[in-house]
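Chains as they are written, first to last, in our numbering: chain A, 33 to 781; chain W, 33 to 781.
Honestly, I wouldn't trust all of these hints.
[Claimed, not checked] For each label pair, taking beta carbons as the anchor points, the in silico distance ranges come out as:
#, chain 1, residue 1, chain 2, residue 2, range
1, A, G474, W, I636, 40 to 48 Å
2, W, R140, A, N612, 53 to 61 Å
3, A, P102, W, S593, 47 to 55 Å
[Said to hold, decoys possible] Okay, derived cross-link-like pairs now, BS3-like style, lysine-lysine, Cα gap no bigger than 27 Å in a straight line:
#, chain 1, residue 1, chain 2, residue 2
4, W, K360, A, K395
5, W, K614, A, K499
6, A, K360, W, K499
7, W, K360, A, K651
8, W, K499, A, K614
9, A, K360, W, K360
In case anyone wonders, no lab produced these hints; they're calculated from the structure. Since the structure is predicted, the reported quantities are computational estimates derived from the model, not experimental observations. A virtual CB, placed ideally from N, CA and C, is assigned to each residue, including glycine.
There are 2 protein chains.
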Amino acid sequence: MNRFKTISILLLLVVLFLKLEAQEHPNLVLTKKGVALIKEHLNQAPLFGKTLYLVKEEVDGAMTQGLAFPVPKDLAGGYTHETHKFNFFILQKAGALFQITGDERYARFVKDALLQYKALYSSIGVHPAERSYARGKLFWQCLNDANWLVYVSQAYDCIYDWLDKKEREDLNDKLFRPMADFLSIQNPQFFNRIHNHSTWGNAAVGMIGLVMGDEELINRALYGLPMDTMDHRKDNDGGEIQIKNQSKAGFLAQIEHAFSPDGYYTEGPYYQRYAMYPFLIFAMALSNADLDINIFKFREGVLIKAVDALLNQTDSAGKFFPLNDAQKGMSYLSRELVTALSCAYFYGNQDPALLSIVELQGKVPLDGSGMATALAIAKKETKAFNKKSMLLRDGPKGNLGGIAILRNKKNGEDGALVMKFSQHGMGHGHFDRLSFSLYHQGDEMIQDYGAARWVNIKQKDGGGYLKENKTWAKQTIAHNTLVVNGASQFNGDVQRADAVAPTPFFFGSDKEEYQVVSAKENNAYGGVELHRTMFLLQDAAFSTPLVIDLFRVRSQTEMNSLELPFYFQGQLLNTTFDLNTKSNLVPMGASFGYQHLYTEASAINKEGFQQLHVLHNNKFLTLSTLTEKNDVLGFSRIGANDPDFNLRRDPVFIISKNKQQQAMFFSAIEIHGAYSAVTELASQSESQLAGMKIWVDTEAYTIVQVKTVHGVTWTIAIANQSNVRKEAHEQQFDGQTLRWKGPYYVVKN
Amino acid sequence: MNRFKTISILLLLVVLFLKLEAQEHPNLVLTKKGVALIKEHLNQAPLFGKTLYLVKEEVDGAMTQGLAFPVPKDLAGGYTHETHKFNFFILQKAGALFQITGDERYARFVKDALLQYKALYSSIGVHPAERSYARGKLFWQCLNDANWLVYVSQAYDCIYDWLDKKEREDLNDKLFRPMADFLSIQNPQFFNRIHNHSTWGNAAVGMIGLVMGDEELINRALYGLPMDTMDHRKDNDGGEIQIKNQSKAGFLAQIEHAFSPDGYYTEGPYYQRYAMYPFLIFAMALSNADLDINIFKFREGVLIKAVDALLNQTDSAGKFFPLNDAQKGMSYLSRELVTALSCAYFYGNQDPALLSIVELQGKVPLDGSGMATALAIAKKETKAFNKKSMLLRDGPKGNLGGIAILRNKKNGEDGALVMKFSQHGMGHGHFDRLSFSLYHQGDEMIQDYGAARWVNIKQKDGGGYLKENKTWAKQTIAHNTLVVNGASQFNGDVQRADAVAPTPFFFGSDKEEYQVVSAKENNAYGGVELHRTMFLLQDAAFSTPLVIDLFRVRSQTEMNSLELPFYFQGQLLNTTFDLNTKSNLVPMGASFGYQHLYTEASAINKEGFQQLHVLHNNKFLTLSTLTEKNDVLGFSRIGANDPDFNLRRDPVFIISKNKQQQAMFFSAIEIHGAYSAVTELASQSESQLAGMKIWVDTEAYTIVQVKTVHGVTWTIAIANQSNVRKEAHEQQFDGQTLRWKGPYYVVKN
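Just chain A, with the same shape it has in the complex (with noise of 0.2 Å):
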């Protein structure tokens, strides 16, 4: 640490302590502030009203049950689990529920649990299952252990005052304090992370810390334990404990290196919506605390920037795109998202478009940032939040890959292309690069498989990882992007993808008439150089815009197999390639996945321009791809090798070449009309699409064509070694010279 640095933090700390001196309770995401805030404009916003009246029932409920405190035992799911789980929860609203109505019953309930917690705590050691990399307390993760305190502290912060002195001390001394040492001191391979767990490790730390007005918890929230207090396990996930070049840990360093300037976090989207809670908790508190810690403005305000980011990242139902380690169904309704939009709206710009979604939502956190949200939606002033096409950036300065998200632009956010080049987003990762997925008024229609999980469901291994998480869903088969030699990319190895990121091409998302973005990824398979650039065009004789997709392939040697597979989802009606389908059906293989596929069928090849249609969710899908001759074209079910049936019996078409050094597949995805059971009736239940032509594949440029049935031409070129954006071109085809400027270049005849 340089010497400007270490006075810098000393400087604070001094400011830190005679504010922390001054301080009444709470003062820690509820403030006096807030209460009176609440108190005053009750009657005004009729969002707050009916979530404190539902919050009031459940609290109440709870009460009248009374809560247990069994000594810890299960797993996720299980039952010491889920109860020490339920009382964190409800804890934290009883606290709210105090300073709100000022009914003592609240506060009584949260001090006699806190006494029963006192207790308890003091009579365990560490969990007894050795699952973890970093075993709890009351949990069988310090995650767990962590997610409680940062609850808990708020439900304490709320009796503070009300509490005598001497309840405080003991408290302090006898739960609270050794809690905080326990999940960093005696933790650090947990605390010291760049990692999601250890944002909650600090948060949790930091957030009693100010409670307690604590500056040594408060500053080894911050800015981490020493770095010399972690060894180099790996976690039980298979992630590296510590990242490459890590000088740094603590809250702000999480900021710092979660988060990409464009609010991206490189685990995905399923776990930037669960680390968004301690990263927005503490960083409320923080703000509310009053230290000089401008934490909204921090990196730019990344943190609010991250919210919209995770708001893009979502279907036009709200569902997160299953990116990475991902459970499906996970949407901007959660409970960690309730609380980020209020946030981002009070501590950030007031966007009045947050408020729709908070409408969505139906109810706002029990603070101060909930209330100003419930009174802007009674004052009638939401937006509409408009989707847009971006690219995200990844990588903490915005230099290591990404994803962009092209949106539909005629039917609003009607459906959304995804692409990804991101990082390998560490333990959570998945081998997928340049692999995209396809989603359309909420539904799948090409999907990513997501995780191999079922977040707390007992009789799945009690809610944790399956096997076959890692066997299949983080394997490159089961995702839709190239398969080079039956292997995953980076041979599996997290290690390997995790040193290094793919490389963004070019993006456009400017025109009306059509949006791209293009992807290169030069590590993953050794001398093998794959590019990807995909399309959105609006044409009028597609309701939705055409997908174009094309994947290329340069290699220094042979290849044996080059394998593209496409995740469809729901009934294939037919094809337009014959079939030959196996009555038997066995394993595509023994590893990287292909032990969990099997082939129903492969076509028997004919060269040319080839079509799948499909019916998913009363929509249809076509599916069309220029072969060439020798080319493969199969149909595959995932679920074999699955003894405890954890997958799902998807279906697959993959499109394989053999024995090439180069390769080009060209396909195009149309999503089209609409069948009803009750009316019996399909509409525009046919392709759009007359023919596919490659004119031009060379390392310089790659030139190909797409025919209507209308007789509407789409041209296509792309100058594949540069991405310089004034660049001229010039190349001839089908006996004319093209000329254009920059690396893509599209027009419609």
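Following the hints, put chain W in place on chain A, whose structure we already have.
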């Protein structure tokens, strides 16, 4: 025909002749009186106004676009088929608009189209597609031509008086009379069946007869052609053209044969829905014509009863139970039911519960009945439609089996258990005697496969029945009922199956604590007696009633194999037994549907109480079963030998017993709890069942028990040979003597 009957028909014809002479138009579905009623109340009935607005939008759009009249060529789903189908719907609506609005544009539009059809019809022969047993002219089968005539006769009626006499005579002679003759005299194998096809034919001929005042056609429609004009071919679905001992034909014979006294339609609700439109629309026309046929009182008002039966054969989302050949998703929101509901309301007893379904439909027919319904809704007369547990007897006399619906009484129309022991259901029947299906909150928890067909989806063989409908969907193994020796019931022979019905044994739905249905089938397998009894038990331990399933088999000789499938849906969570998973999949057999199943896993058998847990659409299902030594518990999946991907890859759990002369399958099903992917919380995820026991299973009696985890024991006794209500029984078990009266006894301790 006996003399008395001949005389009464002749008298009817005299009355008919006199009335037809005097009539003015419209006199079919819309009437002078109905139009007056509509005009008078147009501002007081918002639902009618809304429908009128939408229909006007639709017809005006079609008029701007203009209609096409292509020379017939395509099958269902194809252009010429869909175009002429579109036309008849639009013309019927345009006719109604002319009457209601008085705007002559609509009359001219109808007239112009009729002239086009006159020219077309004169110029074409029979349809070129050769697939149907009764090829039409405008469409590939007479059925669709009849559809056309049923709708277009309504349009014609609306402009009849507006046309001059010469125009009318011209259309009568060159279009309508030839079409009516074509659909009857020239196609007796279509017109004279007892079948939904013929109902359309009868209605078509009768309705155009009523419009033209053509007593010969009306007579032909009501009483059919002479029976000796029919030949005995099979239709293209394999159904018999002439049913056993058929002595009558025509519309009245259809009503007599098609419906049971309870309003059950032997082909099942999907086809009943389809058939109801011609039944009701012609009945309305006959009723409006005031011909001294009190059609809605015919057979004790069976047409109105049939509407009620149809509404009761739906899940809580209004979807019809997919019995026999049925496309899933069809519901009481269909256009046929829009007509049926207003008809049943207006011509029936003005049951205010019907209005609640009309409100869900959101539209009414544009006639007097629709106005009456819309007015009643506007007057807030709507009451809830409460579906009840019921036994719907099958057969014209109600003595040919039936279906039972046991509904969850605790939570209203929350769930339904459907057991099927009806007649075969003719050409659209499945070999599924004693099968069941289970519904909960709009989800199929134990599914009936339905038909292998996508109606009107061109890519799937023109929307017709797929070959897998016969090789899979109709077969016994495709249903939740017992398969003996690997063959379908009646060896898959429709004629044998049609000849004999199963036997209802008992039914009880009057108790709060339990409901029961029991039926026997002694003909499906030679020398084998099948007896299934199912209960719904209400117990505080179960959030949804516990399903008890007792399937008892007795054979004269040893049976090689007995297989009882349960087509659960969703994801298998876990099993209490160890699974031996196959890595290579081979078809289970070569015929009777087994060729379409792969065995994915089977259990290393353990005697005793076994369970499997499933998650479907965020609900838990636990299936418990009592196994014996040598039983095999297996998981299979549909999809083998399916070259065109016509089958869904759905899972099934199969309990197998081998080499037995008698057997008892004793199982229980719980639906419980919920999971949210947003809160990631699972509630009530565990079974509440602790054990099951068979105490007695003799020729005379079966006594079994189930125990809940709370220590409650349910004891169930069945008198296997006597269903006499008051008969006294006595049986010892577990050191006690159980005494009861009647065929079953249930006690909770």
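| message | For a C-alpha distance cap of 27 Å, please report whether K360 of chain A and K499 of chain W respect it. | response | violated, 36 Å
| said: 40 to 48 Å was suggested as the range; check whether the CB atoms of G474 of chain A and I636 of chain W agree with it. | reply: holds, 42 Å
| said: Check whether the Cα positions of K360 of chain A and K360 of chain W lie no farther apart than 27 Å. | reply: holds, 26 Å
| said: Need the status of pair K614 of chain W, K499 of chain A: alpha-carbon distance at most 27 Å? | reply: The given pair, whose Cα atoms are some 18 Å apart, holds under the 27 Å limit.
| request: Could you grab the alpha-carbon distance between K499 of chain W and K614 of chain A and see if it respects the 27 Å cut-off? | output: holds, 18 Å
| message | Does the beta carbon distance between R140 of chain W and N612 of chain A stay inside 53 to 61 Å, or does it fall outside? | response | Given a distance of about 57 Å, which is inside 53 to 61 Å, the answer is holds.
| said: Against the 27 Å threshold, does the CA-CA distance of K360 of chain W and K395 of chain A hold or violate the hint? | reply: violated, 37 Å
| field | Pair hint outcome, K360 of chain W versus K651 of chain A [Cα-Cα no greater than 27 Å] | value | Holds. K360 of chain W to K651 of chain A sits at ~16 Å (cutoff 27 Å).
| Is the hinted range of 47 to 55 Å satisfied by the C-beta distance from P102 of chain A to S593 of chain W? | holds, 49 Å
Of the hints listed earlier, those the structure fails to meet are numbers 4, 6, in rising order.
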